[in-house]
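I would like the entire structure built from these sequences, with the hints used as guidance.
Residue numbers (numbering that gives the first Met the number 0), protein chains in the order written: chain A, 0 to 80; chain B, 0 to 215.
Wrong hints could be hidden among the right ones.
[Claimed, not checked] Derived contacts from chain A toward chain B, CB cut-off under 7 Å, selection only:
no.	residue
1	Arg-9
2	Gly-12
3	Val-16
4	Leu-18
5	Leu-23
[To be verified] Beta-carbon label-pair distances, calculated as ranges:
no.	chain 1	residue 1	chain 2	residue 2	range
6	B	Glu-89	A	Arg-36	26 to 34 Å
7	B	Ile-196	A	Trp-13	35 to 43 Å
8	A	Lys-30	B	Pro-102	26 to 34 Å
9	A	Leu-10	B	Leu-34	39 to 47 Å
10	A	Leu-18	B	Val-18	35 to 43 Å
11	A	Ser-56	B	Arg-199	42 to 50 Å
12	B	Ile-105	A	Val-58	34 to 42 Å
13	A	Thr-2	B	Leu-110	30 to 38 Å
14	B	Ala-64	A	Leu-18	39 to 47 Å
[To be verified] Which residues of chain A face chain B? A few of them, derived with a C-beta cut under 10 Å, are:
no.	residue
15	Trp-13
16	Val-15
17	Met-19
Calculated from the structure, these hints are not laboratory results. All C-beta atoms, glycine included, are put in the ideal place defined by N, C-alpha and C.
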Amino acid sequence: MNTAAWASLRLLGWVVVALMIAFLGGYIAGKRFGRSRGQMEGEAFAPLDLRRMALTSGVCPICGTTSALEPACEEEEEDGN
Amino acid sequence: MFGVTFDVWWQLSVIKEEVAILITGVVIKLMDDWLDKDRDLCSGKKTLAARLNGGLLPYTLVLLALAMAMAPGLSLSLFLGTYVTGMMGEPGRRLPTGLGSGPESILVLLLGVIGSGWWEQISSLLLMVFIQAADDLLDAGVDMNAAAGRVNLALRWGRAEAGLVAAICLLASFLLDWRKTLAVAFCAPAVLGLLGIWERENHGVGPDSEPLRGDG
Chain A
0 MNTAAWASLR LLGWVVVALM IAFLGGYIAG KRFGRSRGQM EGEAFAPLDL
50 RRMALTSGVC PICGTTSALE PACEEEEEDG N
Chain B
0 MFGVTFDVWW QLSVIKEEVA ILITGVVIKL MDDWLDKDRD LCSGKKTLAA
50 RLNGGLLPYT LVLLALAMAM APGLSLSLFL GTYVTGMMGE PGRRLPTGLG
100 SGPESILVLL LGVIGSGWWE QISSLLLMVF IQAADDLLDA GVDMNAAAGR
150 VNLALRWGRA EAGLVAAICL LASFLLDWRK TLAVAFCAPA VLGLLGIWER
200 ENHGVGPDSE PLRGDG
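What follows is the structure, encoded as structure tokens:
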């Protein structure tokens, strides 16, 4: 392999290294951003989901207390009939 | 190949460098095993370092002196590269010198640059980071289950990140010094394999212990 070909191959290699470093930086930033955003969305959604579970089953998903009222879904079914 | 003439002296210097890399590899492995000695003994492993115990220091120094006599810049840069890489897993730790691991790493790296030159030291550091990250990727499963709390870059950074860092370091070190990269890529598994075989044959592994590192 002549010197010019070797030099261009080396240059190509350094370009690949630079692209891989950019990819690694993007991957780390994306992972960090995605994690914090997922955390925020989870925190916002959790109370609504817990409330839905409590209303549909009539049982508190946190402490297990049973409501004196009938579950909401059964009321809806009765209304529907 | 690549404008280099294959004469006898060149071949001899290549063999000398290969042997120096192999000896430095043994020194690095012994040092690593010595630092992990107590942890390994707790998990039932008795490594060569634990077996040599007090005799380890003189033997290691003799081996390092031999490697330094054969290829001074190469051996020094590889040894100091390992020293810096070893401290990467514990960034905030205060070391016996009184310095934090970060400043001490920079100091050691500077000494390496003065002793062996920029390219030699940087390519050796990249190679050692590659070996550390690749080894930690292979050991990630074992280290995740181990209660000993071994520092593992693949678990600390994430497997994808460690894999990418390993690939980047391998390619960059190959571009800086392809001959050294190939030699180290050949010597590292050879050292791990040979010491692994020695430990197994000398009943260094307890019945309930994990398989030795580098056994495949």
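Closest C-beta approach of A:Val-15 to chain B relative to 10 Å, hint status: This interface hint holds because 6 Å falls under the 10 Å limit.
Given a cut of 10 Å on the nearest C-beta pair, is the interface hint for A:Trp-13 held or broken against chain B? holds (6 Å)
Holds or violated: 26 to 34 Å for the Cβ distance of B:Glu-89 and A:Arg-36? Taking Cβ atoms as reference, B:Glu-89 and A:Arg-36 lie about 31 Å apart, which means the hint holds.
Between A:Leu-18 and B:Val-18, is the Cβ distance one that fits in 35 to 43 Å? Given about 37 Å between the Cβ atoms, the range holds.
Against the range 35 to 43 Å, how does the distance between the Cβ atoms of B:Ile-196 and A:Trp-13 compare: consistent or not? holds (39 Å)
Status of the A:Arg-9 interface restraint (C-beta, 7 Å, chain B): Hint holds; A:Arg-9 Cβ to chain B Cβ min 6 Å, cut 7 Å.
B:Leu-34 and A:Leu-10 - C-beta distance against the hinted 39 to 47 Å: About 40 Å separates the Cβ atoms of A:Leu-10 and B:Leu-34, which means 39 to 47 Å holds.
A:Lys-30 and B:Pro-102, beta-carbon distance inside 26 to 34 Å? Roughly 29 Å apart at Cβ, these two residues keep to the hinted range, so it holds.
A closest beta-carbon separation below 7 Å is what the hint needs, so does A:Leu-18 meet it against chain B? At 10 Å from the nearest chain B Cβ, A:Leu-18 fails the 7 Å test, so the hint is violated.
Range first: 42 to 50 Å. Now tell me if the beta carbons of A:Ser-56 and B:Arg-199 are that far apart. Check failed, 58 Å falls outside 42 to 50 Å.
Would you check whether A:Leu-23 satisfies its interface hint, that is, whether its CB is within less than 7 Å of any CB in chain B? holds (5 Å)
Hint check for B:Leu-110 and A:Thr-2 - Cβ pair distance inside 30 to 38 Å: Because 34 Å falls inside the window, the suggested range holds.
Violated hints, in rising order: 4, 11 and 12; the structure is consistent with all others.
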